[in-house]
Amino acid sequence: MKKLSLANLDAFFAKIADKQALYMPIENKAGQLQFQRWTEGAKLSVGCNTVRSAKDFFFPQTENLVDFKVKGKEIEIIDSRTEKEDFVIFGVRACDVRSFAILDKVFLSNPVDTYYKSRREHGTIISLACTHPEETCFCRTFGIDATQPEGDVASWITEDAVYFQPQSDKGQKLLEKCGALLEEADESPVLRQKQQTKTYLDKLPLATLSTKHFENKDQLEVFNSEKWAELSEACLGCGTCTFVCPTCQCYDIRDFDTGKGIKRFRCWDSCMYSDFTKMAGGQPRLTQLERFRQRFMHKLVYFPINNDGEFGCVGCGRCLKKCPISMNIVKVMKTLEGEEK
Amino acid sequence: MNTEALIPKIGVVTDIRIDTPDVKTFRIVGLDGKKVFEHIPGQCAMLSMPGVGEALFSITSSPTNKDFLEFSIKKCGCVTDWLHQMEVGQQITIRGPYGNGFPVETNLKGKDLLFIAGGIGLAPLRSVINYVRDNRKNYGSVQIIYGSRSKDDLVDYREIIDEWMNDEGIEVNLTIDREQEGWDGHVGFVPNYVKELNPDIRKTVLMCGPPIMIKFTLAGLKELGFQDTQVYTTMELRMKCGIGKCGRCNIGSKYVCKDGPVFRFDQLGELPNEY
Amino acid sequence: MQRIMAEKAKELLQNGTVNRVLGWKKGEFVYDITPAVFNNTEEIDAEFVYDDFCANNLSKYLIKESRKEGKVLVFLKPCDTYSFNQLLKEHRIWRDHVYAVGIPCDGKIDLDCLKKQDIQGIVGIETQNDNFIIHTLYGDHTIAKEDALAERCLNCKSKKHVIYDELIGRDGEVLDSHRFDMVEKIEAMTPDERFAFWRGEFSRCIRCNACRNVCPACSCENCVFDNPKSGIANKAAADSFEENMFHIIRAFHVAGRCTDCGECSRVCPQNIPLHLLNRKFIKDINEFYGTYQAGEDTESRAPLNIYNTEDVEPSIVYKKGGNH
Amino acid sequence: MQVNEIKEFRPKIVAFCCNWCSYAGADLAGTNRLNYPSDVKIIRVPCSCRVNPMFILRAFQRGADGVIICGCHPGDCHYTSGNYYARRRMTLLFSMLDYLGIEKERTRVEWVSAAEGAKFAATMNDFVETITKLGENKRLEDLRCKE
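Sequence order for the protein chains is A, B, C and D.
Start counting the first sequence at -11; every next residue gets the next number (this note's numbering).
Start counting the second sequence at 145; every next residue gets the next number (this note's numbering).
Start counting the third sequence at 2; every next residue gets the next number (this note's numbering).
Start counting the fourth sequence at 172; every next residue gets the next number (this note's numbering).
Isolated chain A, as found in the complex (with noise of 0.2 Å):
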């Protein structure tokens, strides 16, 4: 374990963002926290959680896929990709790290996409253990260490210190580049924390929630569940929890043309939305209560069913946070869970 005093974090940023981009999570001017870019002067803010996601790192809200020119009957494709820079996060929770591993699944699965894993490969992650989890966290439920976070390098924030474990070779090469800064050091302090975080974890309100109820369900006992009606009634239909959702990665393309071609891009989608399955000849999900369900059951069903049981929610709770009528995947856990009590 290395250890960076807490004075040289900005000499520790300024040396990673001399080669690379850095970004951290910093209070915007409304006062949120915000994954920006690191420069000199930026704080980087320890509160938990940024409102956005880090998913944006490796599936950004639009981007471009392909340009086209038009000419008469001729058509060219131009593959307008230019060479990525490589970048860092710092500050990454534990549940957004593990949103990443459910994101690969995705995107990395056959056939890959070849712009999510250009990000992936450019993008090195540097976790933060939480010390002060919100009211609204239960990444425990999905077997997530707030502690312990996964990344290329965990880290802790100490009251003089940062501790860092390399956790990947990737991991490893970034803290030998900043080798003059860190020292060896004893875990105790580490421990300490640790401990600490974890007597809070244990009185969060939703500590107890469990999955239990969804471990290996037949899709069509949760799908006809009479609750559903009771749970979508008052459901908006934005895309509020799909868009600061760690895991959601539903996505549209389309074309714009720009007057001297076209820029074929692709920009997050949501389930929820009215016009998500529609086709010229119908809808298979006419109202809010089959765009709602489609939802939960996806994160809570269908995902495990096609990944082992790993289900599509890391428990960031920004949701909970987020949605303009409170209603989220926990309510959702918890009625299908009473129904068959």
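Hints in this document: simulated from the structure, not taken from any laboratory.
One or more hints might be untrue.
What the hints assert, rightly or not - With a straight-line Cα cutoff of 25 Å, these simulated DSS-like cross-link-like pairs (lysine-lysine) come out: (1) 93(A) / 200(A); (2) 11(C) / 69(C); (3) 219(B) / 61(A); (4) 57(A) / 153(B); (5) 117(C) / 31(A); (6) 72(A) / 158(A); (7) 179(B) / 57(A); (8) 320(C) / 309(D); (9) 61(A) / 179(B); (10) 317(D) / 57(A); (11) 266(A) / 219(B); (12) 275(D) / 284(C); (13) 230(C) / 219(B); (14) 191(A) / 117(C); (15) 359(B) / 266(A); (16) 17(A) / 146(C); (17) 230(C) / 266(A); (18) 65(C) / 90(C); (19) 317(D) / 72(A); (20) 116(C) / 319(A); (21) 161(C) / 284(C); (22) 320(C) / 290(D); (23) 215(A) / 11(C); (24) 153(B) / 248(A); (25) 253(B) / 210(B); (26) 212(D) / 59(A); (27) 215(A) / 72(C); (28) 161(A) / 3(A); (29) 248(A) / 183(D); (30) 317(D) / 59(A); (31) 178(D) / 317(D); (32) 165(A) / 3(A); (33) 57(A) / 178(B); (34) 9(C) / 160(C); (35) 178(D) / 212(D).
Keep in mind the model is a prediction, meaning the values are calculated, not measured.
Given chain A, work out where chains B, C and D should sit, using these hints.
Here is chains B, C and D on its own, set in the frame of chain A:
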């Protein structure tokens, strides 16, 4: 599989055949004049005109055709409207093939086959029918029951009359919804016609058509004694990526673009009825 | 108040005046209240809630609810009654199917106000005179009520219920609010400052459509931004222009109809002060065409649906005071 | 790309002209051989109130540096009242654009009758001059259309 799944190739339209008032069949080759890719009967491809949109279509030509791909497309939305107004020589973009296709080399081999199609539903089946015709010894008897609104709406009518009907060991039963001058064949809806014909229940069924036809035909087949495990169909839902990532074409845990579009009815029975 | 309201709801359900009750349902924590329809007295006893967190404007749900069979009881705060009236004026609600009960409101808590004061891990809230005692995982905080209230409540325009079938408590008055102060402050900036200000705000937009979908004035069956034939349909802002355009067009589409209920700013996950756009239109309409409050009545015509031959010319924009 | 010469800035102006008055006014300007810059691209609309705020924004998106709407004089509308509604809408829209920090000089409404060919030419000359001074539209541009 193409490593750049979302970047299409260019296809050139070399022939446009008017099948019915609202269906045209487009023949597409690559820029080099060769077939753009090989496929399995029942698979689909994404066709697009940049700036207009992209949509998934079944490949109607058989893989045994080594020269080109064909798509029979019914005019019903903005992409298909555009495709219908284009002329020979037009370039479009194409990517694929997507989906699982019919199990022509496994489950269907050696079986007696019954094809049931309604309207444009013949498009995905035509690929299988011609594949079977070209590999005739691998399959048992072939019966085709095909219905449409009117005589003019029968897709590939010429091919049916001139080729399929002349093949030995292929029984073709055509029907149209309403009486029409110049039509001396059967009149009536497909589900009823299937019951009338009372096919051998040992046959394996490949069915495609409008949802309402599928619903009643399936019920009819069951009455006759067919099992869910004997009946295959091919599905369609809205798609954007074609590779199981954009997240919209799922029926329960299965993606139509990746795990489908061909499903057996016993598989569909385990999935939510959301299609 | 919660008890009185629950009793009222149960009474009206039992005597058959209404078939359903549209209210608020308690959640997992103290603050995560969900709008809900209650079908019987048991459901009301179990889950009905009315407290400082019941911020949702229920009038928009009436578009859907009033089209169902039977009568629905709805609880409306003063500001919600304006939206209700406006929707009635636009024939979006079937009045016969609604029984509106006006309820008093002392302002609602904005959770972000608490979070901004570094209060996290909230597990409980108590009211004590003019203060809230907030229990958190990491200790208790005492905070003055006005420091916890939402901006729209601090600048409340009216405590008066403009429409109701029945009122619980006493009706209030239209207030002399300072709601245009911030608009004036922005007007007084230089164009460069204004541009920088709004770019800073809009650039955070994630196009989640929460503002649109919660807005009682945005009640189109098919929004122009969802209609592929409109030419401006988009799901995500691919360029800063599209961020600007969405908000300009949305504000314009509700201009003259927006009652300033403030739901848009409440639900914005990125805390973009969207009400400042709507208030600009309201302020301009007041200045150019005479004071108008949308939703105040059901008879008057919306300012963009009428004209006066003596109206000001668009060139007033260049002549107007403020910074250039 | 190498740029050898610095090109003089020529603004792109979109003028929405009502079919009955201003378009005829533009015609008259033409037949009277009155000059106005070719930077002005006229889009004929049935009435000034056909101009949706979206049209104006889209014009800027697609590279316009200034947008001007010309209609019949108030009271002279072919459809009796279209321009009165347009007047309210545009006043509010322009005020909003100004509020967002977009240069207010980039948008304008002028009433030009079918007989006012000279006014049309003068208005366009003046507007083009104003926009030329103002320079390129940066605040309401769509970078994708500029490549």
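Check the structure against each numbered hint from earlier and tell me which ones fail, lowest number first.
Failing hints: none at all.
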